[in-house]
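> In order, the protein sequence lines correspond to chains A and B.
With my numbering applied, the first sequence covers 110 to 547.
With my numbering applied, the second sequence covers 110 to 547.
Honestly, the hints are just simulated from the structure, not real lab data.
Any given hint could be a false lead.
Identical chains share a label here; the pair holds if one copy fits it or two copies do between them.
As the list claims (entries may be wrong) - Derived pair list, reagent style DMTMM-like, types lysine to aspartate or glutamate, alpha-carbon separation capped at 25 Å:
{"hint": "1", "residue 1": "K280", "residue 2": "D179"}
{"hint": "2", "residue 1": "K433", "residue 2": "E386"}
{"hint": "3", "residue 1": "K433", "residue 2": "D141"}
{"hint": "4", "residue 1": "K280", "residue 2": "E386"}
{"hint": "5", "residue 1": "K112", "residue 2": "D437"}
2 protein chains.
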Amino acid sequence: MSKSIGIALLGSGIVGEGVLRILDTQSDRFRDRYGIAFDVRHVVVRDPNKKRSFVVDHPVSTDAEKAIDDPSVQVVVELMGGVDRAGALIERALKLGKTVVTANKSLLAARGSELFSLARKHNAAIAFEASCGGGIPIIDALLRGLSANDIRALVGIINGTCNYILTRMTKSGLAYADALKEAQAAGFAEADPTLDVSGRDVAQKLALLAGLAFGSKFAESDMLIEGIDSLDARDIEFARELGYVIKLLAIAERNGKDEISLRVHPTLVHNTDVLAEVSGSFNAISVWGHALGHALFYGRGAGSSPTASAVVSDLISVGIGATKVVFDNLKVFPDTAKPAKLLPRDQIQSRYYLRLTAKDVPGVMARVTDILGKRGISLSAVLQREASEGEFVPVVITTHLAREGAIRQALTELNALEVIQSPTTCLRIIDQPKEFET
Amino acid sequence: MSKSIGIALLGSGIVGEGVLRILDTQSDRFRDRYGIAFDVRHVVVRDPNKKRSFVVDHPVSTDAEKAIDDPSVQVVVELMGGVDRAGALIERALKLGKTVVTANKSLLAARGSELFSLARKHNAAIAFEASCGGGIPIIDALLRGLSANDIRALVGIINGTCNYILTRMTKSGLAYADALKEAQAAGFAEADPTLDVSGRDVAQKLALLAGLAFGSKFAESDMLIEGIDSLDARDIEFARELGYVIKLLAIAERNGKDEISLRVHPTLVHNTDVLAEVSGSFNAISVWGHALGHALFYGRGAGSSPTASAVVSDLISVGIGATKVVFDNLKVFPDTAKPAKLLPRDQIQSRYYLRLTAKDVPGVMARVTDILGKRGISLSAVLQREASEGEFVPVVITTHLAREGAIRQALTELNALEVIQSPTTCLRIIDQPKEFET
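Construct all of the structure, not just a fragment, from the sequences and the given hints.
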């Protein structure tokens, strides 16, 4: 005896086709193992004439409302992307008490609180494993497998496009623009890559992940966000010389006073750190729990099949009733979470990497270190190559822990010096936690 | 409004104390986030006079039956270990319809089918996240987050004791006996380490993990099992020269004909493989799913807090009702899984590492390669140091893919040669799957 679950699939791009392929080819296994027979009642597309490669036939239409309203549909899978139209359709489904499975992090980051509240009002539920980390079951881990833990920090590589570009810049010495073009040609970056390379996609995912980890509400505006679009290949090379690899990291930290900081920026990661090994379109998310210590989840962060793996795993949880139980009982979703106490941005502590362009004249280093020292910023390493006296040369400095506010003030003062060519590049360094290797 | 869950804790060793510490210190968070108030009604111990460091008081007794029978107890947490007594007490709890949370892989590997069936008969459930991989939520991932996938393979480092010993042998050149002594002194190995170093503990865990991954039943007797207790430091050094690190791996594979092989043995892992970086008491489990591709789960595989993290996360799932929903609906547990089709042991394919002790006389290599070649075993690399003619010297050979049966026959023939000093060391090599780094 298997239970039939009627599905309306909104959007049949690469992830949608991946979902259908899994449902088509795995139906026997799903019936045997989970007692579920998925019945795709509607595939809603923009262009019904486009050739599609379904393994079995599915009814294709352009009428999303009709598909959602169909009484034989219990679950609406939203894979259209975008905020306005997708949001309106999800509202419609939730008001009918239907469960929504979505990969739409932009929508959830923008309107999560409202949509989760609407779901609760109508005894519906939202599942969103596919919204972060592709096929890595990180949302389920935060909701379930790590639930005993008071989570201290979450650090992740959660954008496959940026990681692909950075991997190519690092391994082949490409400039940013060339690596981007290559990523676009290989299908790893969109024609307009802004959402990815600006760090905003990562910020949206981080808002969701940190929300679940800390049981708090966050918005993109709570974060320090820097993308990879202004990253200079020279900094990747200097970082390498110093023993680091540059990765675009999402970092959420909670300090002893329960103050939370969220940031997204290119980060120098020590080359022995496991995050340094995460290449290409792979993602990895490290979580530090008070009981568990460090755990890491690694896998494909994007692409048709991996993201479809998350969508269909959600469908199975919906089918057996597990999604509803979790949705109804945990108070960590955007509508039930508590407001977060944010650490003021100036107070965020980090180690820093500075690349100054300094005139090679006597006394320059003394003036630079004086400006840093006055603000309590102490140097960890300095890298300066030989040059002819009087030339402008790159001087790379790494610091010990310092506050964002102090660094900002120091940078303003440094850039004002006549012996320094503005702007000074400022990146952050993350240290491997000590317990990592024991 | 929070729901009260009455608990009887059987066993208060290091994991039991870790569980109480989490329950004691996190009670406010559990009430806020999950709406659950855990009420530890009984802590059953062997020696009631032993000093214990509970944060809050708990009633300690020696009467397990009374604790289980107490009507205010809904969940029995079994952390005693061992098979007979623990099994009898779990039976008692299940017959009363109580949920059991256990970390006892030996018991589940030996009697899982019977106990799961008993739980089903009495409308109870068994949760066992802590039985494999310490705090890593791998069981939950196999049950839920990866459920869309037809799983092809599972490869893991799932014994912290062995990994600690191998890490010390590799990084400090210690002999096995010395590394074991150090592990015992550091609390990473028991006074009688047999269960761990023989590979049996890994085999019991692999039976559970592969059972869930493939929806099949397995027993220890279905596996090829070799421990680390006869590993020679010289092989670690030769492996290093060839670019490999030796790890004790659990390997479950399913081939295109749905034949499954399960094995536990010291394995040469390429030094660029992420598994090579898993040091000390950490665990890591790689899973290959047909949709997801490769995913890896990494974290602390043993110890008080990490294992307690898994136990308490299970308690939370039990408390919100998620455990029961999964237990009732998935047909992958030992009592509902299908019998597995096993690949005959002789047919298992692997690459091999052989260390022969050969007399350095003309024609030896020809005889060795002839014996291997006759069975279709081709050489990948040979390592032989200069020596005086006529001496016995180590000759290390790595092969391309070969069958276990062919290697066994070749070894018998090689060891019978008068120019070879028996026994020849035979280890297996695992290759990084191609898709790993793309």
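> Next, verify each hint and record whether it holds.
Going down the list of hints, with the structure as the test:
1. K280 with D179: neither (52 Å within a copy, 63 Å between copies)
2. K433 with E386: neither (37 Å within a copy, 39 Å between copies)
3. K433 with D141: Classified as both: same-chain Cα gap 22 Å, cross-chain 19 Å, threshold 25 Å.
4. K280 with E386: both (12 Å within a copy, 20 Å between copies)
5. K112 with D437: both (22 Å within a copy, 14 Å between copies)
Violated hints, listed in ascending order, are 1 and 2; each of the other numbered hints is respected by the structure.
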